[in-house]
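Got chain A sorted already, so can you dock chain B onto it with the hints?
2 protein chains.
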Amino acid sequence: MKPLKILRSAIAILICIISFSPLLAQKNNRPNIIVFFVDDLGWQDLSVPFYKEVTPINQRFHTPNLEVLAKESTKFTNAYATPVCTPSRVSMLTGLNAAHHKVTNWTHPTANKPTDNPDELLTPPDWNINGMSPVPNIPRTVHATPFPQILKDNGYFTIHVGKAHWGSAGTPGSSPLNLGFMVNIAGHSAGHPQSYYAEENYGNIPGKASLQAVPDLMEYHGGETFLTEALTLEAIKAISEPIKRGEPFFLNFSNYAVHVPIQSDPRFVDKYLKMGLDSTEAAYSSLVEGFDKSIGDIVQVLKNKGVYDNTVIIFLSDNGGLSLQPMRSGQNHTQNLPLRAGKGSIYEGGIRIPLLIKDVDDGKERTSDVPVIVEDLFPTILDYANITNYDIVQKGLDGQSLSELTKGRVDDSWKQRNLIWHIPNKWNRTDGPGINFFSAIRRGNFKLVYDMKNSKVELYDLQNDIGETNDISKTNQNQVEQLSKILSDQLKAWGAQMPTVKQTGEMLVF
Amino acid sequence: MKPLKILRSAIAILICIISFSPLLAQKNNRPNIIVFFVDDLGWQDLSVPFYKEVTPINQRFHTPNLEVLAKESTKFTNAYATPVCTPSRVSMLTGLNAAHHKVTNWTHPTANKPTDNPDELLTPPDWNINGMSPVPNIPRTVHATPFPQILKDNGYFTIHVGKAHWGSAGTPGSSPLNLGFMVNIAGHSAGHPQSYYAEENYGNIPGKASLQAVPDLMEYHGGETFLTEALTLEAIKAISEPIKRGEPFFLNFSNYAVHVPIQSDPRFVDKYLKMGLDSTEAAYSSLVEGFDKSIGDIVQVLKNKGVYDNTVIIFLSDNGGLSLQPMRSGQNHTQNLPLRAGKGSIYEGGIRIPLLIKDVDDGKERTSDVPVIVEDLFPTILDYANITNYDIVQKGLDGQSLSELTKGRVDDSWKQRNLIWHIPNKWNRTDGPGINFFSAIRRGNFKLVYDMKNSKVELYDLQNDIGETNDISKTNQNQVEQLSKILSDQLKAWGAQMPTVKQTGEMLVF
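Top to bottom, those sequences are chains A and B.
Mind the numbering: the first sequence is residues 1 to 510 in our numbering, read in order.
Mind the numbering: the second sequence is residues 511 to 1020 in our numbering, read in order.
Hints in this document: simulated from the structure, not taken from any laboratory.
Honestly, I wouldn't trust all of these hints.
Here are the simulated lysine to aspartate or glutamate pairs, EDC-like style, with alpha carbons at most 16 angstroms apart [said to hold, decoys possible]: (1) Lys152(A) with Glu751(B); (2) Lys662(B) with Glu247(A); (3) Lys754(B) with Asp153(A); (4) Lys237(A) with Asp663(B); (5) Lys237(A) with Asp309(A); (6) Lys815(B) with Glu757(B); (7) Lys581(B) with Asp819(B); (8) Lys244(A) with Glu709(B); (9) Lys364(A) with Glu404(A); (10) Lys925(B) with Asp941(B); (11) Lys662(B) with Glu582(B); (12) Lys662(B) with Asp893(B); (13) Lys754(B) with Glu247(A); (14) Lys71(A) with Asp309(A); (15) Lys71(A) with Asp451(A); (16) Lys747(B) with Asp153(A); (17) Lys474(A) with Asp489(A); (18) Lys502(A) with Asp116(A); (19) Lys813(B) with Glu582(B); (20) Lys917(B) with Asp879(B); (21) Lys244(A) with Glu582(B); (22) Lys303(A) with Glu72(A); (23) Lys453(A) with Asp465(A); (24) Lys152(A) with Glu757(B); (25) Lys995(B) with Glu968(B); (26) Lys662(B) with Glu241(A).
Excised from the complex, chain A in its bound form (with noise of 0.2 angstroms):
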């Protein structure tokens, strides 16, 4: 027999193996991931309802391509981030809770600058104001283990499309290339566009240009198209890659919208002004639109390359919807009614967030009321691709995998599970609802607010008052208790960081 025939038979051989062997032919074992990580969406802001109920904020918006996805997903209905990007950013890359990673409040596009407001009681303390370092001895940042790193390191092609903001410019986390990404479009130090137009170079004028000005995509200068489009267009030219290539690929598509500026998208922004709504609120929900168009054309495009089956999704916000004049319309902090207040806020209107997860397994609909956060994305991705030996610098996760509650399996142990909130920072100039210097639990339906500045406890009771107006601390003393304790304790081992007094430099304590 010569060779090539003995290479022949063995070909042969091997093929029929692989076809019936389940060892060989398990088709899920590197699935293709893909997080969209919309900026600044409120829970309702999707034709997809999170409540128990559709609302009205529900009504305004058209998210057909979410409402498919959504058939085909566990929606979880408790699902949080923190009160503004930076820190929920980093939490998810990192796995670890805003206290314990100590990015608190949203990095500046330079290195070195704080970004609190001036307050006449507080100073906030050393936070990681550089954001989060892949590499240790960068000033003010958390080093971490990014988990894009450890997919790639998998055999993973990682791509980032969109907003990054996890590290300031003049530090490595600036660029997503050092932090596990093989590719990146459009992501640098910035937090959001300076402009969503093509018209304008999204930001790109000479003289004009401020550190905003969205990088790369310089092919639609001067065109007509949306920056939601671009993206898409280039995140679907990105995956397009790997597909052909046969290799697994991650891609964190981190749309700019909805982040104010809120411009509105030419493609879908008549419908709302014939709703009624006013030019700002019509903008808003025209940005909504154009990220749900730009994930039905991803899921078209999966669909298309025979690969959406083998593919997780995951969907959610990076906080909650802003709820702040002049930038939305109406009166301040009525903009995720029944939630209170919004982006900033440790009330749930600042937090809760909406979160699809489709994964390859049954595409069974799901709903899933467990209490869950953004850290929690960490360990759940690795989980799905399959991953369980890699290393971190982290000492430990904060974050919990979700894979078992997306395949209808809820453990007890997750009603007992803690979530923790912590802002030692002034996010706003007016102390707002739940907003500068305020510190929160999550433990079953009760959650115990604790405004720093005053010393004052808050308590509510989530099942019967989702919109927290009615404080039930005097009534629940041996639940504040509890609940400080566990909150304390925590924040103490995290060593989170406390704001000082001004006059007299004394530290706070929890």
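Okay, now just chain B, sitting in the frame of chain A:
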């Protein structure tokens, strides 16, 4: 026999076959390929001499890493590009002569803006002012298949680092991601950096950013990393990935150096000031040593990772050295002596470039005096990659593969080759030696130069008169006629464009 046992046997057989079959074991079947494409570097602006002797210009430069590389390379002493950057870059990527692709001048960073200077007598033709395009029907572009696309389609991991400048913003060619590159670092539609300094964010300063602000690299902003070094670190990061994954890669490393603004590289400039060079020329030499270190650092990485022997390395410049005050010191057009003139000119100072090719064959030092030109790199690179079957939209290539030459095999046909330049454009405000509205042909040692404006023909014997000081057209009418006819016929065959006379609107003829 259990399925798993059969599998093991099959694999064992396969391993044996793979190990011994010459068909499958070709070590260099898919070598890595790196092009170091330097900007505006003159023929002698290295310590590696490309002339028959070391010149005073050579002595002003220190390029120790290129000296080492040259010892394992074929040194092409009669290599050419076009007189300015975009035409050369488009020729390399399309395999077409500039007269053929009609991108005969540099492209503006934004679309639809001719870059010709005003001329009293002539109007340039409707050349492809928007550069090249990978898709059809983009106004004022040449539609062509770029070779990196073919490499990518054949399993190469394709990376672009540095200056791109293949197309204007607002057209697809402005993004390397549309030209077959999977990764793009710092390449866009501009032809030079706003600043080489990280202290100035490479130009990205709010309100001060021009179209030349260098994209990406934000992790270096505010630091001290010179642009050349930042690009080098990013290139190393980018190639490490395919090396780790065992994929062949193509790296097009197109340093922004040594294009204006001629800013000193602080790592090297002192040496040149001490040598007595003025600040401009010391800065220029420091830019040169900077990219030489860049090459050395990358070669070291290849050696450390054990892939150097299996990596083709090509080094070249995109046109001759700049010879204009005040950007360069000294009298205009003396910077490349004994070559005449410099960048922008059809004389040797404008088009003759250093070219080194290290293939993966025997690693022998060779010198080739065969006249070759930048469009040769398209078929050369595909040849090294052993890709013979590919579709392109170009109707044939004008370039020829140089791979035989780097193996020391020189067919006689090379001596009969015609190299052609054609610039129906007004690059510089002032008409200079060979600058604005010139064509030329080289065949053997003869070079015919045609001055469109004055309908004047010159003939030089480069063998004896490399400085083109002695016009021998009067005494060599036969040679003039023969070369004129070849030039004219070829330009007609390519549909080359000609300027028109302003006053009459008449088009000039060849």
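Status of the hints after comparison with the structure:
Simply put, Lys152(A) and Glu751(B) have alpha-carbon atoms about 9 angstroms apart, close enough for the 16 angstroms limit, and the pair holds. With a C-alpha separation of about 14 angstroms, the suggested pairing of Lys662(B) with Glu247(A) holds against the 16 angstroms cut-off. Pair hint Lys754(B) plus Asp153(A) holds up; C-alpha atoms about 9 angstroms apart against a cutoff of 16 angstroms. Among the hinted pairs, Lys237(A) with Asp663(B) is consistent with the structure: their alpha-carbon atoms are about 14 angstroms apart, no more than 16 angstroms.
Between the alpha carbons of Lys237(A) and Asp309(A) the distance comes to roughly 20 angstroms, so the proposed pair goes past 16 angstroms and is violated. Of the pairs offered as hints, the one joining Lys815(B) and Glu757(B) holds, with about 13 angstroms between alpha carbons and a cut-off of 16 angstroms not exceeded. A distance of roughly 14 angstroms separates the Cα atoms of Lys581(B) and Asp819(B); the hinted pair therefore holds under the 16 angstroms criterion. Taking the CA atoms of Lys244(A) and Glu709(B), the gap is near 41 angstroms; set against the 16 angstroms cutoff, the hint is violated.
Between Lys364(A) and Glu404(A) the CA atoms are separated by roughly 14 angstroms; this keeps the pair inside 16 angstroms, and the hint holds. Of the pairs offered as hints, the one joining Lys925(B) and Asp941(B) is violated, with about 33 angstroms between alpha carbons and a cut-off of 16 angstroms exceeded. The hinted pair formed by Lys662(B) and Glu582(B) fails the criterion: a straight-line CA distance of about 27 angstroms is larger than 16 angstroms. Restraint check for Lys662(B) and Asp893(B): the C-alpha separation of about 15 angstroms stays at or below 16 angstroms, so the hint holds.
With a C-alpha separation of about 15 angstroms, the suggested pairing of Lys754(B) with Glu247(A) holds against the 16 angstroms cut-off. A threshold of 16 angstroms between alpha carbons decides the hint, and for Lys71(A) with Asp309(A) the separation of about 14 angstroms falls inside it, so the pair holds. With a C-alpha separation of about 40 angstroms, the suggested pairing of Lys71(A) with Asp451(A) is violated against the 16 angstroms cut-off. At roughly 14 angstroms between alpha-carbon atoms, Lys747(B) and Asp153(A) fall within 16 angstroms of each other, so this suggested pair holds.
Proposed proximity of Lys474(A) and Asp489(A) is contradicted: the alpha carbons are some 22 angstroms apart, above 16 angstroms. A hinted pair counts as satisfied when its Cα atoms are at most 16 angstroms apart, and Lys502(A) with Asp116(A) qualifies at roughly 14 angstroms. With a C-alpha separation of about 14 angstroms, the suggested pair Lys813(B) and Glu582(B) falls inside the 16 angstroms cut-off, and the hint holds. Between Lys917(B) and Asp879(B) the CA atoms are separated by roughly 14 angstroms; this keeps the pair inside 16 angstroms, and the hint holds.
Between Lys244(A) and Glu582(B), the direct Cα distance comes to roughly 37 angstroms. Violation of the 16 angstroms bound is thereby established for this hinted pair. A threshold of 16 angstroms between alpha carbons decides the hint, and for Lys303(A) with Glu72(A) the separation of about 14 angstroms falls inside it, so the pair holds. Between the alpha carbons of Lys453(A) and Asp465(A) the distance comes to roughly 24 angstroms, so the proposed pair goes past 16 angstroms and is violated. A C-alpha spacing of about 14 angstroms is found between Lys152(A) and Glu757(B), which places the hinted pair at or below 16 angstroms, so the restraint holds.
Our distance criterion of 16 angstroms between C-alpha atoms is met by Lys995(B) and Glu968(B), whose separation comes to about 14 angstroms. Taken as a hint, the Lys662(B) and Glu241(A) pair is honoured in the structure, with Cα atoms around 9 angstroms apart against an allowance of 16 angstroms.
In summary, the numbered hints that this structure violates are 5, 8, 10, 11, 15, 17, 21, 23.
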